[in-house]
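A.B. asks: Under this note's numbering, the first residue of the sequence shown carries the number 1, and numbering increases by one thereafter.
If you are wondering where the hints come from, they were derived from the structure by calculation, not from laboratory data. Ideal Cβ placement from N, Cα and C applies to all residues, glycine included. It cannot be assumed that every hint is accurate.
Stated by the list, open to error - 30 Å max Cα-Cα, derived DSS-like pairs, lysine-lysine: (1) Lys44 - Lys109; (2) Lys297 - Lys128; (3) Lys128 - Lys228; (4) Lys109 - Lys128; (5) Lys185 - Lys205; (6) Lys231 - Lys185; (7) Lys44 - Lys128; (8) Lys228 - Lys177; (9) Lys228 - Lys182; (10) Lys183 - Lys228; (11) Lys177 - Lys238; (12) Lys238 - Lys281.
Said to hold, decoys possible - Computed Cβ-Cβ distance ranges for the label pairs, DEER-style: (13) Gly296 - Thr195: 25 to 35 Å; (14) Leu204 - Glu272: 32 to 42 Å; (15) Gly296 - Gln173: 35 to 45 Å; (16) Gly56 - Ala290: 14 to 24 Å; (17) Thr200 - Arg78: 39 to 49 Å; (18) Asp103 - Thr236: 21 to 31 Å.
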Amino acid sequence: MKCFFKPLLIAALCATAAAAWADVNVGVTLSATGPAASLGIPEKNTIALMPKTIGGQKINYIVLDDASDTTAAVANTRKLIAENKVDIVLGSTTTPNSLAMIDVVSEAKTPMISIAASARIVEPMDAKKQWVFKTPQNDIMMSLAIAEHMAASGVKTVAFIGFSDAYGEGWSQEFAKAAELKKLKIVANERYARTDTSVTGQALKIMAAKADAVLVAGSGTPAALPQKTLKERGYTGKMYQTHGVANADFLRVGGKDVEGTFLPAGPVLVAEQLPASHPVKKSAMAYVTAYEAANGKNSVSTFGAHAWDAGLLMTSAVPVALKKAQPGTPEFRAALRDALEQVKEVSGAHGVFNMTANDHLGLDQRARVMVKIENGAWKYQP
Numbered sequence: 001m002k003c004f005f006k007p008l009l010i011a012a013l014c015a016t017a018a019a020a021w022a023d024v025n026v027g028v029t030l031s032a033t034g035p036a037a038s039l040g041i042p043e044k045n046t047i048a049l050m051p052k053t054i055g056g057q058k059i060n061y062i063v064l065d066d067a068s069d070t071t072a073a074v075a076n077t078r079k080l081i082a083e084n085k086v087d088i089v090l091g092s093t094t095t096p097n098s099l100a101m102i103d104v105v106s107e108a109k110t111p112m113i114s115i116a117a118s119a120r121i122v123e124p125m126d127a128k129k130q131w132v133f134k135t136p137q138n139d140i141m142m143s144l145a146i147a148e149h150m151a152a153s154g155v156k157t158v159a160f161i162g163f164s165d166a167y168g169e170g171w172s173q174e175f176a177k178a179a180e181l182k183k184l185k186i187v188a189n190e191r192y193a194r195t196d197t198s199v200t201g202q203a204l205k206i207m208a209a210k211a212d213a214v215l216v217a218g219s220g221t222p223a224a225l226p227q228k229t230l231k232e233r234g235y236t237g238k239m240y241q242t243h244g245v246a247n248a249d250f251l252r253v254g255g256k257d258v259e260g261t262f263l264p265a266g267p268v269l270v271a272e273q274l275p276a277s278h279p280v281k282k283s284a285m286a287y288v289t290a291y292e293a294a295n296g297k298n299s300v301s302t303f304g305a306h307a308w309d310a311g312l313l314m315t316s317a318v319p320v321a322l323k324k325a326q327p328g329t330p331e332f333r334a335a336l337r338d339a340l341e342q343v344k345e346v347s348g349a350h351g352v353f354n355m356t357a358n359d360h361l362g363l364d365q366r367a368r369v370m371v372k373i374e375n376g377a378w379k380y381q382p
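With these hints in hand, go ahead and build the complete structure from the sequences.
C.D. replies: See below:
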């Protein structure tokens, strides 16, 4: 009898041990190549800085490149869930990619933390979006910052040009609300594709509108195109960009043509310039220090910081979920989703996160500052 039961007992103990020590698998899809590469590369670099253990549990990161393509982002998400059995998905870089991934993660009941900007990723809350969280500031928060700055600077009329996708459309809608609140008149509304090489037609319409200021709603290096074109045509009004351009590559591509531009950004972009009393200075500097130690001085970008904040949210939620279930199970994924929804006072590189059942972003006004491009660098505007 002893000989018969001993192998069974050993097998059972081994199975129990395996369950107890199951790794947490984190699936990541980012736009490390393609039009959004200037955003995706610092995000990918940031994944390498994330913790390898959380709550005593080993963390495995499976990182895939979606090449800034919506179809590839969906395929990556399916692969991560079906083949890699991930417990959570981080990504993707852009709004269109992240929106396309929602059906996949909700169907698989796997939590996702997007590092793309549009409020549409988490709003309005429904059965699908209850599985989705995000770290970048909502468009309306940043739109209000721009509109307030415009009004205070004497701007009365504004021309808008944005991407011809969900990012541009979201900004158009949210900025229109902010403009109305601040009594700003939008006198032109143009679109262009991320891959366009010319926006001459749109620029001529904007020039004809004679707006006091122009807002470009793009992200990464493609956002420099309208501004360079307008400068070539002799536009002398105020220029505004969104937080989608807050990286060194935009400064490099834009060069002298983007000097004097105003934009809202997460505090991390000017962390060293913030007063010691700023509530996000300490947590923002923690990311800057870690990223620059690995990638060199002045290499930090706000996009990598969005990925960092996703890691902080995950780090806060995983130990809570581990108390309820083991990784690799539907129960753990559900517990992780619940834990993310209950995150409170988590200080990140961009702000302080307080999630609720109806707010899967959880940021407040501490997550934005106004910045000006001066001498090819970011200058904090108190």
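A.B. asks: Indicate, hint by hint, whether the structure satisfies it.
C.D. replies: Verification of the supplied hints:
{"no.": "1", "hint": "Lys44 - Lys109", "result": "holds (25 Å)"}
{"no.": "2", "hint": "Lys297 - Lys128", "result": "violated (41 Å)"}
{"no.": "3", "hint": "Lys128 - Lys228", "result": "violated (40 Å)"}
{"no.": "4", "hint": "Lys109 - Lys128", "result": "holds (9 Å)"}
{"no.": "5", "hint": "Lys185 - Lys205", "result": "holds (16 Å)"}
{"no.": "6", "hint": "Lys231 - Lys185", "result": "holds (22 Å)"}
{"no.": "7", "hint": "Lys44 - Lys128", "result": "holds (26 Å)"}
{"no.": "8", "hint": "Lys228 - Lys177", "result": "holds (27 Å)"}
{"no.": "9", "hint": "Lys228 - Lys182", "result": "holds (28 Å)"}
{"no.": "10", "hint": "Lys183 - Lys228", "result": "holds (28 Å)"}
{"no.": "11", "hint": "Lys177 - Lys238", "result": "holds (20 Å)"}
{"no.": "12", "hint": "Lys238 - Lys281", "result": "holds (29 Å)"}
{"no.": "13", "hint": "Gly296 - Thr195: 25 to 35 Å", "result": "holds (29 Å)"}
{"no.": "14", "hint": "Leu204 - Glu272: 32 to 42 Å", "result": "holds (41 Å)"}
{"no.": "15", "hint": "Gly296 - Gln173: 35 to 45 Å", "result": "holds (38 Å)"}
{"no.": "16", "hint": "Gly56 - Ala290: 14 to 24 Å", "result": "holds (22 Å)"}
{"no.": "17", "hint": "Thr200 - Arg78: 39 to 49 Å", "result": "holds (40 Å)"}
{"no.": "18", "hint": "Asp103 - Thr236: 21 to 31 Å", "result": "violated (46 Å)"}
Of the numbered hints given earlier, the model fails hints 2, 3 and 18; all others are met.
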